[in-house]
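**Student:** Heads up: the sequence lines are chains A and B, in that order. Going by the UniProt record's numbering, the first residue of the first sequence is number 1, and it counts up by one from there. Going by the UniProt record's numbering, the first residue of the second sequence is number 1, and it counts up by one from there.
Treat the hints with caution; some may be incorrect.
Claimed, not checked - Partial chain B-side listing against chain A, Cβ under 7 Å, derived:
#1 153
#2 155
#3 168
#4 202
#5 222
Claimed, not checked - Residues of chain A clear of chain B, computed beta-carbon distances all greater than 12 Å:
#6 153
#7 181
#8 261
These are computed hints drawn from the structure, not numbers from a lab. Bear in mind the structure is a predicted one, so any value in this text is a computation, not a measurement. All C-beta atoms, glycine included, are put in the ideal place defined by N, C-alpha and C.
There are 2 protein chains.
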Amino acid sequence: MPEPAPSAPAGPRVAVIGLGAMGLPMATHLVAGLPVTVFDVAADRRALVTAAGAADAASPADAARAADIVLVAVRDQAQVTAALFGADGAATTLRPGGIVVLTSTVGPDAARDTAARLAERGIRLVDAPVSGGPTRAGTGDLLIVVGADPDALRAARPVLDRLASTLTVVGPDPGDGQALKAINQLLAGVHIAAAAEAVALARGLGLDPAVVIDSLAQGAAGSFMLADRGPRMLQAYGEGAEVRSRLDIFVKDMGIVTEVAKDAHVPTPLAAAAQQLYLLGERAGLGAQDDSSVVTVLSPRDGAGDR
Amino acid sequence: MPEPAPSAPAGPRVAVIGLGAMGLPMATHLVAGLPVTVFDVAADRRALVTAAGAADAASPADAARAADIVLVAVRDQAQVTAALFGADGAATTLRPGGIVVLTSTVGPDAARDTAARLAERGIRLVDAPVSGGPTRAGTGDLLIVVGADPDALRAARPVLDRLASTLTVVGPDPGDGQALKAINQLLAGVHIAAAAEAVALARGLGLDPAVVIDSLAQGAAGSFMLADRGPRMLQAYGEGAEVRSRLDIFVKDMGIVTEVAKDAHVPTPLAAAAQQLYLLGERAGLGAQDDSSVVTVLSPRDGAGDR
Numbered sequence: 001m002p003e004p005a006p007s008a009p010a011g012p013r014v015a016v017i018g019l020g021a022m023g024l025p026m027a028t029h030l031v032a033g034l035p036v037t038v039f040d041v042a043a044d045r046r047a048l049v050t051a052a053g054a055a056d057a058a059s060p061a062d063a064a065r066a067a068d069i070v071l072v073a074v075r076d077q078a079q080v081t082a083a084l085f086g087a088d089g090a091a092t093t094l095r096p097g098g099i100v101v102l103t104s105t106v107g108p109d110a111a112r113d114t115a116a117r118l119a120e121r122g123i124r125l126v127d128a129p130v131s132g133g134p135t136r137a138g139t140g141d142l143l144i145v146v147g148a149d150p151d152a153l154r155a156a157r158p159v160l161d162r163l164a165s166t167l168t169v170v171g172p173d174p175g176d177g178q179a180l181k182a183i184n185q186l187l188a189g190v191h192i193a194a195a196a197e198a199v200a201l202a203r204g205l206g207l208d209p210a211v212v213i214d215s216l217a218q219g220a221a222g223s224f225m226l227a228d229r230g231p232r233m234l235q236a237y238g239e240g241a242e243v244r245s246r247l248d249i250f251v252k253d254m255g256i257v258t259e260v261a262k263d264a265h266v267p268t269p270l271a272a273a274a275q276q277l278y279l280l281g282e283r284a285g286l287g288a289q290d291d292s293s294v295v296t297v298l299s300p301r302d303g304a305g306d307r
Numbered sequence: 001m002p003e004p005a006p007s008a009p010a011g012p013r014v015a016v017i018g019l020g021a022m023g024l025p026m027a028t029h030l031v032a033g034l035p036v037t038v039f040d041v042a043a044d045r046r047a048l049v050t051a052a053g054a055a056d057a058a059s060p061a062d063a064a065r066a067a068d069i070v071l072v073a074v075r076d077q078a079q080v081t082a083a084l085f086g087a088d089g090a091a092t093t094l095r096p097g098g099i100v101v102l103t104s105t106v107g108p109d110a111a112r113d114t115a116a117r118l119a120e121r122g123i124r125l126v127d128a129p130v131s132g133g134p135t136r137a138g139t140g141d142l143l144i145v146v147g148a149d150p151d152a153l154r155a156a157r158p159v160l161d162r163l164a165s166t167l168t169v170v171g172p173d174p175g176d177g178q179a180l181k182a183i184n185q186l187l188a189g190v191h192i193a194a195a196a197e198a199v200a201l202a203r204g205l206g207l208d209p210a211v212v213i214d215s216l217a218q219g220a221a222g223s224f225m226l227a228d229r230g231p232r233m234l235q236a237y238g239e240g241a242e243v244r245s246r247l248d249i250f251v252k253d254m255g256i257v258t259e260v261a262k263d264a265h266v267p268t269p270l271a272a273a274a275q276q277l278y279l280l281g282e283r284a285g286l287g288a289q290d291d292s293s294v295v296t297v298l299s300p301r302d303g304a305g306d307r
């Protein structure tokens, strides 16, 4: 059973499950202010946080045993289910009255299902998907959208307030945060794909895409993604962009978006077109590349298809 | 033959052809600084500018007879062709060496064809499509993207500098401005449609769309259009938004975008999906409504299709 390091600060004891692109910087940021235990299947990821003062755990169950709050930062709902309800899952050891903070984007239905299963054990779910990327995760500058009842939210505040610069409480029920996050991802995913079309068309018309982005970014055509991903798309034609957010994350998230929209009987033809683009990117071998590399589906690096 | 009013200021004599949503405020803004003659088929539109000091003309040919610069601000290429090359067209009277400033969005090929026909008469085309909307047109705060040779551009400067707060010279050839404008419209048209999907999905999920827009507009999901058109989309479910930019303009412009992209052999699936949405909006009777009304195609006012 892990023990917090002797020097660990006071406050709720936090177990972080999943030390990927977002979980690692979140855990590292939390460890400076709260007693933290970490678990990830990769020991080298755990070592990065234990070096900063976190306690090491051998399984989610091991991490949750002494915790008040379990923060889940895994990739998708299959991993959430395994991390919580598997043989070594955190729900098997977390005390009744404990809190699970779900930061992954899994969709409203998955969050509601998870909340119901946890409730059977007296555990409360705070649905809290995060946005902002790894850099902001490491500085406590995330946007977090929350669905949780006020009591559970209050209990989770020491963790959420440390991670978020903007915290929006969408509603009292798990799933409410995921609903707003799905709309966020609809816009983000469509805007990246639109920027890709703009860069590809600029190349096709013989215009300098850097000048095009510069000219348009501040006007009616502007978006956060055009300004952020546009310049990284140009790197796809050079040394390649640093991977800040993997393309296959948008394969997952646009899948959630289109399913949520379908279940609500709302047509979303642009989101559906963007989903196909990310699937094409994954099939082109770009799944682990930066999402900005999707531009090369429309305008290949080698100029294939150019006239 | 029209004469400038006796009090008219010095500078190149300008004829403005077309006094629609953009032409009217542009003409009204020009008349305060330059001698202006106006033509529009609607006499009441001309009266609005002659009241401000412009001279009245009975036809494009009549307006161009005493002009140095003819500014064309009509709806589409069919109107451009009629205004310049019809029986009473401006090209029949404009002096050799004169300048036509084409502010309409017509696509690169149409601009090049127009330039070639004008060149036969010794007239030079400054390809100068404008963005920014009627309000900024009336305050000289437009974004203008230019394709023109340096001599023609220099001659057109007194007009362009008075209308634009941002003037981007894309290249030396007519069509270069239209190429960049097409990319601008791709992004603008897709972003409006994406905002419509976001608002429709918020409604479908039982979230307050105003809160959703507010929460997301400043983050990674943000765009100029989400912040500008999003709140107007909410008005579509109340008294209806004031018409600032007609929906059928995007039927025309997304038609140009997809044709330009097809001619360049660049796939643009999101632009194509957005084009279909605007066509659906037009078929739903929204062509003369504000473009933000496209949201009602996805989420009808009467709740039809709601579960």
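**Student:** Report holds or violated for the interface hint on residue 153 of chain B, using the least CB-CB distance to chain A and a cut-off of 7 Å.
**Tutor:** violated, 16 Å
**Student:** Test the statement that residue 261 of chain A is away from the interface with chain B: the closest C-beta pair must be farther apart than 12 Å.
**Tutor:** violated, 6 Å
**Student:** Next item in the hint list is residue 168 of chain B. Is there a CB on chain A closer than 7 Å to its CB?
**Tutor:** holds, 5 Å
**Student:** Far enough from chain B: is every CB of that chain over 12 Å from the CB of residue 153 of chain A?
**Tutor:** holds, 16 Å
**Student:** Under 7 Å is the threshold here; is the Cβ of residue 155 of chain B close enough to any Cβ of chain A for the hint to stand?
**Tutor:** violated, 23 Å
**Student:** Hint check: is the beta carbon of residue 222 of chain B less than 7 Å from a beta carbon of chain A?
**Tutor:** Since the shortest Cβ distance to chain A is 5 Å, the answer is holds.
**Student:** Does the interface hint hold: is residue 202 of chain B within less than 7 Å of chain A, judged Cβ to Cβ?
**Tutor:** At about 6 Å, which falls below the 7 Å cut-off, the nearest Cβ of chain A leaves the hint on residue 202 of chain B intact, so it holds.
**Student:** Is the claim that residue 181 of chain A lies outside the interface with chain B correct, judged by CB distances over 12 Å?
**Tutor:** Residue 181 of chain A not clear of chain B: closest Cβ-Cβ about 10 Å, inside 12 Å.
Consistency with the previously given hints fails for numbers 1, 2, 7, 8, ordered from lowest to highest.
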